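Sequences listed follow chains S and P, in order.
Position 68 (the first sequence) corresponds to 68 in our numbering; numbering is contiguous.
Numbering-wise, our numbering comes out as the position in the second sequence, counting from 1, plus 303.
No wet-lab data here; the hints were simulated from the structure.
Please read these numbers as outputs of a predicted model, since none were measured by experiment.
Don't take each hint at face value.
If the Cβ cut is set under 7 Å, some of the chain S residues that face chain P in the computed set are [claimed, not checked]:
1. Leu185
2. His186
3. Glu207
4. Ala211
5. Ser220
6. Arg223
7. Gly224
8. Ala231
9. Thr232
If we take Cβ atoms under 8 Å as the criterion, some of the chain P residues that face chain S in the derived model are [what the hints assert, rightly or not]:
10. Leu312
11. Ile352
12. Ile353
13. Val361
14. Phe363
Every residue gets a Cβ at the ideal spot worked out from N, C-alpha and C, and that includes glycine.
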Amino acid sequence: MPALKDLADAWKLRPASYSRAVWTLVLVLDRLPWPLGEEGMSASFVARAFVRTERLRQALAWAGAQSETNGSRWRLALALCARHGRFVARSALVGVRNAETLRRLSALLGEEHLSAAAGGVIFLGFHLGPPGAYLVLRVAGHSVTWIGGRGATGAWPREIRRRYQTILESQFFPEEDRHVWVRRLHQARRLLETGESVFISADGEGEPAFAVPLAGGALSVGRGWWALRRATGAPVLPVLSHMRGRTQIATIHHALPPPVADPDLDLETCRQALGRLLADHLRRFPDHCYSLAFPATANGDRP
Amino acid sequence: MTSNPTVELVQTVVARIAGPHRTPADAGPDTPLTQGGFWLDSVHLLETIIACETEFGVVFDPVTDFNEQTLRTVRTLCDLIRSKRCG
Chain S
1 MPALKDLADA WKLRPASYSR AVWTLVLVLD RLPWPLGEEG MSASFVARAF VRTERLRQAL
61 AWAGAQSETN GSRWRLALAL CARHGRFVAR SALVGVRNAE TLRRLSALLG EEHLSAAAGG
121 VIFLGFHLGP PGAYLVLRVA GHSVTWIGGR GATGAWPREI RRRYQTILES QFFPEEDRHV
181 WVRRLHQARR LLETGESVFI SADGEGEPAF AVPLAGGALS VGRGWWALRR ATGAPVLPVL
241 SHMRGRTQIA TIHHALPPPV ADPDLDLETC RQALGRLLAD HLRRFPDHCY SLAFPATANG
301 DRP
Chain P
304 MTSNPTVELV QTVVARIAGP HRTPADAGPD TPLTQGGFWL DSVHLLETII ACETEFGVVF
364 DPVTDFNEQT LRTVRTLCDL IRSKRCG
């Protein structure tokens, strides 16, 4: 059970994109033994869809655009809401008290693609499944620096933060710094050039490089990772996550084709390769793809 | 334009990365790099910084060197480059 001081500290570390209500629920449910908190969060997101009916309409519209809904648009829409709640809980490791539990709840596939790549690599993540794939990589023993914000890690147990969060990356958390992404990307480049690996989201903030058209909506892919690829020539390995029962499976996929000199051609090559990969992921795990159904608002609000 | 070769070179780098559609017609050393000036976003700024590191043989520290002041205009970026060369 987390101490009250930890709770007070965690309250101050609410991510800007999480409402106060959701963050309160995260911290309250975290006090329940595993997996009650995560189940509670999952159920609450389904219930919330009937209160915030805009969410339900979004989920139903998105489910209706999928070719294989097993005859039930409603079933897919509600499964999507339930997954979304589970992912929010998982981002904060609700109910997870120690590293051993975390190890049991995560698995990594596709490591052979990593061994084929020499030097530092760019792991490219997506908001199309359970969050924190970089944590799965670390739990599996891989050294990787997260290039991004604090997210919900303020609610992680102290033991897990100490073991799996680096001081280096926490220097680049403050969102109020207008140039924080310049600092993060510059640091990422420096790490890649010294043979270290980084993990960055493809569909995060910033100006898009291109959009990948998918059933139900297009995924906007940012330019940060692509700028790193161009600047360093580091291999880019897409990483997608899904749930098997209560276990988060992160899969490392084939590296994208190596960069070519013509930037327009390079962008198109990346767009096509990612398009194939993401379309397959969406077909296999439609109820995981919450970011397509619930696009982030202008102020970044999603949960 | 200005007679300071460092400022001129940095301005050329910034204008190249911003492209003609973002570069103001009256761009100068005190034109903001971001909003209301060259409209560089974080990726453009990264490209500018990498180009300056290559051009001037300096290495920036991402923890201490990039802030509102140093990334305000071409001139403030030049000041940062000068400080790194002296340091």
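Against the structure, the hints come out as follows:
1. With its C-beta approaching chain P no nearer than about 5 Å, Leu185(S) sits inside the 7 Å limit, and its interface hint holds.
2. A distance limit of 7 Å between C-beta atoms decides the matter here; for His186(S) the minimum to chain P is near 4 Å, and the interface restraint holds.
3. At its closest, the beta carbon of Glu207(S) sits 5 Å from a beta carbon of chain P; the interface hint therefore holds under the 7 Å criterion.
4. Against a cut-off of 7 Å between C-beta atoms, the interface hint on Ala211(S) is violated, since the closest Cβ of chain P lies about 17 Å away.
5. For Ser220(S), the interface hint is violated, the least distance from its beta-carbon to any beta-carbon of chain P being 14 Å, above 7 Å.
6. Restraint check, Arg223(S) versus chain P: the minimum CB separation of about 5 Å is within 7 Å; hint holds.
7. The closest approach between the C-beta of Gly224(S) and any C-beta of chain P is roughly 6 Å, which is under the 7 Å cut-off, so the hint is satisfied.
8. Because the beta carbon of Ala231(S) sits about 6 Å from the nearest beta carbon in chain P, less than 7 Å, this interface hint is met.
9. Proximity of Thr232(S) to chain P is violated relative to the hint, the smallest CB-CB distance being about 10 Å (cut-off 7 Å).
10. Hint status for Leu312(P): violated, given a least beta-carbon distance of 20 Å to chain S, over 8 Å.
11. This hint holds: Ile352(P) has a C-beta 6 Å from the nearest C-beta of chain S, less than the 8 Å allowed.
12. The closest approach between the C-beta of Ile353(P) and any C-beta of chain S is roughly 6 Å, which is under the 8 Å cut-off, so the hint is satisfied.
13. For the restraint placing Val361(P) at the interface with chain S, the shortest Cβ-Cβ distance is roughly 13 Å, beyond the 8 Å limit, so the hint is violated.
14. A cut of 8 Å between beta carbons decides the hint on Phe363(P): the least distance to chain S is about 7 Å, and the hint holds.
Checked against the numbered hints listed earlier, the structure breaks hints 4, 5, 9, 10, 13; every other hint is satisfied.
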